[in-house]
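Peer 1: For reference, the chains in residue letters:
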Amino acid sequence: MSVKIGEIPYKERIQNGIKDDFMRQAVSSAQGRFRNGRLTQAEALGNWEDWRQLGSEIRAHTMENLDFYLHQLSEQVARRGGNVFFAQTAEEANEYVKNIIKNKEAKKVVKAKSMVTEEIGLNNALEEAGAEVVESDLGEWILQLDEDPPSHIVTPALHKNKQQIRETFSKKKGYQGSDTPEELAAFAREQLRQDFLAADVGITGCNFAIAESGSITLVTNEGNAEMVTSLPDTVITVMGMERIVPTWEEMEVLVSLLTRAAVGQKLTSYITAITGAKGPEEVDGPEEFHLVVVDNGRSKILGTEFQSALHCIRCAACINACPVYRHIGGHAYNSIYPGPIGAVITPLLEGYDDHKELPYASTLCAACTEACPVKIPLHEHLVRHRQIIVEREKKAPMAEKLMMKGFEQWSSHPSLYNLSAKLAKPALGPWVKDEEIENGPGPLKEWTDVRNFSVPQGQSFRDWFKQRQKDGESNGNKES
Amino acid sequence: MKVSLFSTCLSDILFADVAKNTLEILERLGCTVDYPMGQTCCGQPAYNSGYLKEAKQSMKQMMKAFQDSEYIVGPSGSCISMLKEYPHVFAGDPEWEQEAKTFASKCYEITEFLVDVLKVTDVGSTFKGKVTFHSSCHMKRLLGVKEQPKILLNNVEGVELVTLPNEEDCCGFGGTFAVKNAAISQEMVSEKSRHVSETEAEYLVGADMGCLMNIGGRMSREGKNVKIVHITEILNTH
Ligand code: SF4
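So the protein sequences, as listed, match chains A and B.
Quick note on the numbering used here: the first sequence kicks off at 1 and runs consecutively.
Quick note on the numbering used here: the second sequence kicks off at 1001 and runs consecutively.
None of these hints come from the bench; they were simulated from the model.
From the three backbone atoms N, C-alpha and C, an ideal C-beta is built for every residue, glycine too.
Hints may contain errors.
[As the list claims (entries may be wrong)] Calculated pairs, BS3-like style, for lysine-lysine (alpha carbon to alpha carbon, straight line, at most 25 Å):
1. A/K356 <-> B/K1180
2. A/K405 <-> B/K1064
3. B/K1106 <-> B/K1060
4. A/K405 <-> B/K1060
5. A/K445 <-> B/K1227
6. B/K1180 <-> A/K394
7. B/K1180 <-> A/K4
8. A/K375 <-> B/K1101
9. B/K1053 <-> A/K405
10. A/K11 <-> B/K1180
11. B/K1056 <-> A/K356
12. B/K1227 <-> A/K433
13. A/K401 <-> B/K1180
14. B/K1056 <-> A/K395
15. B/K1064 <-> A/K422
16. B/K1056 <-> B/K1101
17. B/K1227 <-> A/K425
18. A/K470 <-> B/K1002
19. A/K395 <-> B/K1180
20. A/K4 <-> A/K160
21. B/K1224 <-> A/K401
22. A/K375 <-> B/K1146
23. A/K401 <-> B/K1060
24. A/K394 <-> B/K1056
25. B/K1053 <-> A/K395
26. B/K1056 <-> A/K433
27. B/K1101 <-> B/K1060
28. A/K19 <-> B/K1180
29. B/K1150 <-> B/K1119
30. A/K401 <-> B/K1053
31. B/K1056 <-> A/K405
[As the list claims (entries may be wrong)] Residues of chain A placed beyond 10 Å of chain B at every Cβ, according to the derived structure:
32. A42
33. E190
34. L197
35. S299
36. E400
37. G429
Use the sequences and the hints to build the structure in full.
Peer 2: Pasting the structure below:
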């Protein structure tokens, strides 16, 4: 298991996305809602840019001192009776969790939403260990029943409508009610309640781990994380190693940014905090607490020009702002991390072989960069990936390489450029009709498959300018 | 004021009127305008495709061509934002770093130059018609030029400016994206075309020929007869 979700080739995935009218409708209206929400909240806050700056500084500081804060976190968790395990790889993390499940002879595991457990494929590992796994986040639960991968990092079942959900419930769980959201949610609640009560182990992800206190915080809207962390005797938190902040103060800033950027809320319905195992004086909390800190390729990103990709707080604002995502949907990215942030981190985590198209699935419009609450320059990272694909990985198509060699010569030799400025229009002449080309030759073909190519009459500007100078009208000119 | 015109290769070779209008507006407002013949392309097609080495050659050519200029003004937010990236591209290069910084500090997009440097908000032009404005991504997000074109348009006599729905959305051009990811590009530009139609404007105005030839080409393919104009044409019509 990996962040990759399937084997369908890129072009086919794009077509599948584009043809899925329902998905596009759902994504487009959700994007509209989230985006407007974010903008309204940003405006209400007044000094959004200052907050973003603060957020980005907090993340940068934390990543620069990551070893210090991870050490502090692990000491604090241990002090409060928790166990900490640093997993270098997905396998190590899965193995560790599997052993706990085996030792406990756990039959049922309930999970709160977590992207990193998707990333490492934990559910498969748990099932191998003989446990039944139940996702308790409503979106995740729907996907689990349907065996469908997530298409969004905050609202994973964004691509499904209520009729589809009703069908899934009735097929997999014998549901007989209507497709009103309230009734569907009530049914899910009822079902999940049984699972919460019967679970031996609860597994969560982590939004922000607080280094100073050894606490894990989770941001949810359904309150399911409360149940996962308070009912089972054993709780395991799996966190990506970058999901950490120094103190509660920084956490407050980042949560403010997260909820506003994600769904346009001032705050979510629930913020759950869990600090180690239940103490002798305490009534609530697990008897046993484990924290699994997952590296899985992250430390390779530290210290590189991609380091700021680790600043991500998984709010999905970049995904909600992305016009490419809007038209192709999450599955087209073939990664559990879709959209702009997915196009940046998927190749970092898993290499370019299976993901070399992702950095090009962007117009570099920078809507992502503008939306990001911690100011990650996402579009610049995409260009950086392209440079690596061309220069280091040597995966660029030959035709493109030749064209770019030609570009280099053309753009650095004014005499060549001058000549092309003279010849371009005459050369296109045979294809031009009414100052437009509808069926272009060679590289123009892909362009004119979609739209006309405009070729207004007349000479180049520079030739016109030279003429004008000769005619003695100009105010000044120089050659260089 | 002495200004060097950067026509952009696209306007130089294909859309000469855009460069002519830019030149004439500047002259009308009292600038002395030259046109360095050594200029070629800002390098963006190669840079954005990941061909850094190739892009740098055109960037060096541009810096050489404009080395004596005081102000460098051009009719494209996208190309100007590329020029402004040079210091970043040449950071750590002892030979070119300083040159790139000086060069970048002299570059302005035309509407930005008019409003922020010349402090002109009314260029005294007249243009009759209902127009809608597409704000290009690089111009507003990378260059930070958002209000200037609208201030200028609103002061043109006869212009009725209507807001384009989802104005901030990319048109799907993205340079090589339009051909590399033609299927996605088609969806994006079709959506943009729908929004333009919704405004019932006679003219679609923009400040970047790349976006305009994409949207215009699509609208023309769809048989729609909205006229595509670069903002400099409106600012240079009397
Ligand atoms: S990259 Fe930025 S906008 Fe995208 S999910 Fe991460 S924090 Fe949010």
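Peer 1: It remains to establish, for every hint, whether it holds in the given structure.
Peer 2: Against the structure, the hints:
Restraint check for A/K356 and B/K1180: the C-alpha separation of about 13 Å stays at or below 25 Å, so the hint holds. With a CA separation close to 20 Å, the supplied pair A/K405 and B/K1064 stays within the 25 Å bound. Restraint check: the Cα-Cα separation between B/K1106 and B/K1060 comes to about 15 Å, which is no more than 25 Å; the hinted pair holds. A C-alpha spacing of about 16 Å is found between A/K405 and B/K1060, which places the hinted pair at or below 25 Å, so the restraint holds.
Under the criterion of a C-alpha separation no larger than 25 Å, the hint pairing A/K445 with B/K1227 is consistent with the structure, at around 24 Å. About 17 Å separates the Cα atoms of B/K1180 and A/K394, which keeps this hinted pair within 25 Å; it holds. Taking the CA atoms of B/K1180 and A/K4, the gap is about 22 Å. The hint holds against a cut of 25 Å. Restraint check for A/K375 and B/K1101: the C-alpha separation of about 23 Å stays at or below 25 Å, so the hint holds.
For the proposed pair B/K1053 and A/K405, the alpha carbon gap of about 10 Å is at most 25 Å, so the pair holds. Distance check on the hinted pair: A/K11 and B/K1180 sit about 11 Å apart at the alpha-carbon level, within 25 Å; holds. Simply put, B/K1056 and A/K356 have alpha-carbon atoms about 24 Å apart, close enough for the 25 Å limit, and the pair holds. Restraint check: the Cα-Cα separation between B/K1227 and A/K433 comes to about 18 Å, which is no more than 25 Å; the hinted pair holds.
Restraint check for A/K401 and B/K1180: satisfied, since their Cα atoms lie roughly 14 Å apart, inside the 25 Å limit. With a CA separation close to 21 Å, the supplied pair B/K1056 and A/K395 stays within the 25 Å bound. Between B/K1064 and A/K422, the direct Cα distance comes to roughly 22 Å. Compliance with the 25 Å bound is thereby established for this hinted pair. Distance restraint check for B/K1056 and B/K1101: the Cα-Cα separation of roughly 15 Å lies within the 25 Å cut-off, and the hinted pair is therefore satisfied.
For the suggested pair B/K1227 and A/K425, the alpha carbons sit about 22 Å apart, so the restraint of at most 25 Å is met. Distance restraint check for A/K470 and B/K1002: the Cα-Cα separation of roughly 20 Å lies within the 25 Å cut-off, and the hinted pair is therefore satisfied. Among the hinted pairs, A/K395 with B/K1180 is consistent with the structure: their alpha-carbon atoms are about 15 Å apart, no more than 25 Å. Our distance criterion of 25 Å between C-alpha atoms is met by A/K4 and A/K160, whose separation comes to about 20 Å.
About 37 Å separates the Cα atoms of B/K1224 and A/K401, which puts this hinted pair outside 25 Å; it is violated. Between the alpha carbons of A/K375 and B/K1146 the distance comes to roughly 19 Å, so the proposed pair stays at or under 25 Å and holds. Distance check on the hinted pair: A/K401 and B/K1060 sit about 20 Å apart at the alpha-carbon level, within 25 Å; holds. Distance check on the hinted pair: A/K394 and B/K1056 sit about 19 Å apart at the alpha-carbon level, within 25 Å; holds.
A C-alpha spacing of about 16 Å is found between B/K1053 and A/K395, which places the hinted pair at or below 25 Å, so the restraint holds. Restraint check: the Cα-Cα separation between B/K1056 and A/K433 comes to about 36 Å, which exceeds 25 Å; the hinted pair is violated. Pair hint B/K1101 plus B/K1060 holds up; C-alpha atoms about 12 Å apart against a cutoff of 25 Å. Taking the CA atoms of A/K19 and B/K1180, the gap is near 19 Å; set against the 25 Å cutoff, the hint holds.
Restraint check for B/K1150 and B/K1119: satisfied, since their Cα atoms lie roughly 14 Å apart, inside the 25 Å limit. Of the supplied pair hints, the one linking A/K401 and B/K1053 holds, its CA atoms being roughly 12 Å apart against a limit of 25 Å. Between B/K1056 and A/K405 the alpha-carbon distance is near 12 Å, which keeps this suggested pair within the 25 Å criterion. Look at A/A42: its CB is around 14 Å from the nearest CB on chain B, clear of 10 Å, so calling it non-interface holds up.
Non-interface call for A/E190 relative to chain B: holds, since the shortest CB-CB distance, roughly 41 Å, exceeds 10 Å. For A/L197, the non-interface assignment is confirmed: its Cβ lies about 47 Å from the closest Cβ of chain B, beyond the 10 Å cut-off. Consistency note on A/S299: stated as away from chain B, and its beta-carbon is indeed over 10 Å from all of that chain's, at 25 Å minimum. Distance check on A/E400: its Cβ comes as close as 7 Å (rounded) to a Cβ of chain B, failing to clear the 10 Å threshold; non-interface status is violated.
For A/G429, the shortest C-beta to C-beta distance to chain B comes to about 13 Å, beyond the 10 Å cut-off, and the non-interface label holds.
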